[in-house]
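J.: Each chain is listed here by its residues.
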Amino acid sequence: MAVTVTIPTALRQYAGGNASVTLAAGSVGQILAALTEQHPQLGKHLYNEQGALRSFVNIYVGDEDIRHLQGIETPVPDGETVSIIPAIAGGAGSIHSW
Amino acid sequence: MVLSSLSNEEIRRYSRHLILPEFGMEGQRKLKQGSVLLIGTGGLGSPLALYLAAAGVGHIGLVDFDIVDESNLQRQIIHGTSTLGIRKTESAKMRLRDLNPHIDIATYETHISSENAFDLMRPYDVIVDGTDNFPTRYLTNDACVMLGKPNVYGSIFRFEGQATVFSPKHGGPCYRCLYPEPPPPGLVPSCAEGGVLGVLPGVIGTIQATEAIKLLTGIGEPLIGRLLLYDALALRFRELKLRRNPDCPVCGDHPTVTELIDYQQFCGISPEESYRDSTIEITPREAAEWLQSDHPPFLLDVREANEWDICHLPGAVRISVNELAERMNELDSAVEMLVYCRSGVRSARAVDLLRQAGFRKVKNLAGGILRWADEVDPSVPKY
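Protein chains in written order, with my numbering: chain U, -1 to 96; chain Y, 65 to 447.
So here's chain Y without its partners, still in its complex pose (with noise of 0.2 angstroms):
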């Protein structure tokens, strides 16, 4: 392979990676001619695309359906108060314009998904996965050992981080390997439920950043059959040995899923379920009326101690969903009941396992405090 020359402007620019002996100008040259995709242009992707983008990697691609709103900005570092309401990929696109004007940037306004995954991944030379679901999650890693690309993986959750490449064609692993199955929706919370250390994400996604380096160029030892973890806490790194499972259904001696999957019904998301049942939902207007009248219901908040001192909504009381199986002898199942949490997903499954235990008159209140700011009361802080 002939690799492409750089401009004396483009010398100057990379001059401190020139002089390491280890990375010279070949190794430049190969980072210029290298490809990433991101999947997700967030927490992960911010400093991962800053810093390849930095690096003179020559082509990004950076796929992302959302955009950015305040609460991304206390770790999305790429992201500004400037570039609040736009799409990710057209705000992460300017920024790395700035940045590094020698590099190509490919935008994909979309959601990855089993139709579309190998058009994306196929032009790249590596995938880094920085997405916050199980399914897309799983699908990332099928195409990828489908494909045979490299997959720089990196996962954050609160105060704690994974990172390792999965890599089969280099003799690793794969996803499937290390977690055969996903968790059941509900037991595992994500970021948005569990909050996250904002400089979290900047120290799992440059890790991820130097591994894509280092695969582009082959300098130094990737990442592979080992899992990285840290804990910002006690401020810990630690490393977990990753074998391949030779009986993996992907990745295995004898394969047995071959091409992609529905992932999200593999990932126990079904179209029933994340179906609102309209006789359980009620809506903030409805509710609103329902809290006024001679009648109201009890108020169930189903959040956690610190998330009801930012806000709550009057004469609410609070029992998190995770004590709610413990503590349900506090409540009357003879009452009617409103139970709520901040987006309406965790009050959903406190309202299922409500009515599981005998609880017939409880109601969800639909989008939770977010709809209920934006419809009811707008002087509740959304968060």
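Next comes chain U alone, as it looks inside the complex (with noise of 0.2 angstroms):
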């Protein structure tokens, strides 16, 4: 009973530089509380101070956006991808902008 959680470029840092983790399966909230156990780092990264995930932070099981399923409380069922999506602003790379 296992789900992939892919952990973006910009997270890997964060995660021991996995591209991916396994966990056991259950809900997405349940998930991603098992995924920031192993890397605490993450958590900041994933969550706001209330809290709540951020909201340039998407989390989406198989193609589907959990925001437009039920939220944390969607369940992942075995062998299922969970993808953390965030927000890259990346393109002219402009010696101005850093």
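For the record, the hints were derived by calculation from the structure and aren't laboratory data.
Idealized CB from N, CA, C, for every residue including glycine.
Among the clues, some could well be false.
Said to hold, decoys possible - Cut-off 25 angstroms, straight-line C-alpha distance, at most; resulting in silico cross-link-like pairs (SDA-like, lysine to any residue): (1) Lys305(Y) to Pro38(U); (2) Lys305(Y) to Glu71(U); (3) Lys96(Y) to Lys305(Y).
To be verified - Not everything, but these chain Y residues come out facing chain U in the computed CB check (under 10 angstroms): (4) Ile83; (5) Pro85; (6) Glu86; (7) Leu108; (8) Phe223; (9) Glu224; (10) Tyr239; (11) Pro244; (12) Pro247; (13) Leu293; (14) Leu297; (15) Arg302; (16) Arg307.
Two chains, two frames, a set of hints: combine them into the complex.
T.: Listed below in structure tokens is the structure:
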């Protein structure tokens, strides 16, 4: 009974460099809790000070945004993939932007 | 609408399009009639502009204020060594002129802003977002929604890219439906901080060019309501569903944002924050004197290991800004400290972190290694 959580490049440094993590099936909330328990540094990038998911980090179960499912209560069946998709802004690479 | 005709010369040039049954003369004439505004002539804008010009898009607008820098050429293939130091819009225009003399190219040497966005976008059929920062992405989105124009979106980071077409007019979502709010400054690294594989914008920009051509000609199925994800390292494409949010403040059923706002402020970049405190920041020359004095400061480099390998200042100790919170116990708050990075942005963040943790004697090297190389030691490479 396992699900795969894919970690985007921008957050891999907070997840021990892993591109994906295998965790026990459950709800999205349970899976993310298990993930941040393994990798505590990920926590502040996924949750805000109030403990809610940050609005620039989207969570998908399969190809569907959990906001259109049951949010963090969304059940994730065995073998399914949970994707963390943060906003990225790169494109021009202006020397003045940084 | 009467479509413009093609000259014999143009027919020869576009023959490989014309013999595509789905494209034909009609598709080519629609391209000739069509117009695309490219916001940014950088990594994404380079392949975009080249392919759109080669394909025969009749009117191409280029918005960029930047000049061509050596560090651009690893990925910004529209520019070249011969155009270093000149405006990107001019450099791009010369290349596009050479590629296709049959099209109009308009250049706008400016930052797109809430004041000029409508005027810039209004004459164009399709807007392509190839910028590199959140304020401009939200501005481009909101202005496109308000003008009812499709926004061909692409974004890249390190080895990963995203692309989609935002077009509420076609029933699809907008950028704010996907990401209602921007990340606070500093939490998501930029390409200049995080790096980017040079060919990555080639892949994503070419996908954006494909979508712009499909929108102009009306062929195929546009990438609306779908977010395409590309992972260059795994060489994998994935597609996620995007849905319009009926409560979206811009494109929703009851919009609350009906005119352009201050996007710097929206993204948490306040004038006070971008102002650097002169008591905390010192210039490279002051730093050099301080380091050579009898009481030199502890020198802290907050960059990543691969950047340290490129160059570093003698005597420095490295702790990445990303590890600083966990490794603060390795530092002594009693000693004077000078913090530096590549350009002074990450080190300013590190100084903030340290000060909040009670380190009172910390200063930031203004302009980082880049300015150090300009003003103190030209032998240090700029990257």
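J.: Can you list which hints this structure breaks, lowest number first?
T.: Result: hints 1, 3, 4, 5 and 6 break, sorted rising.
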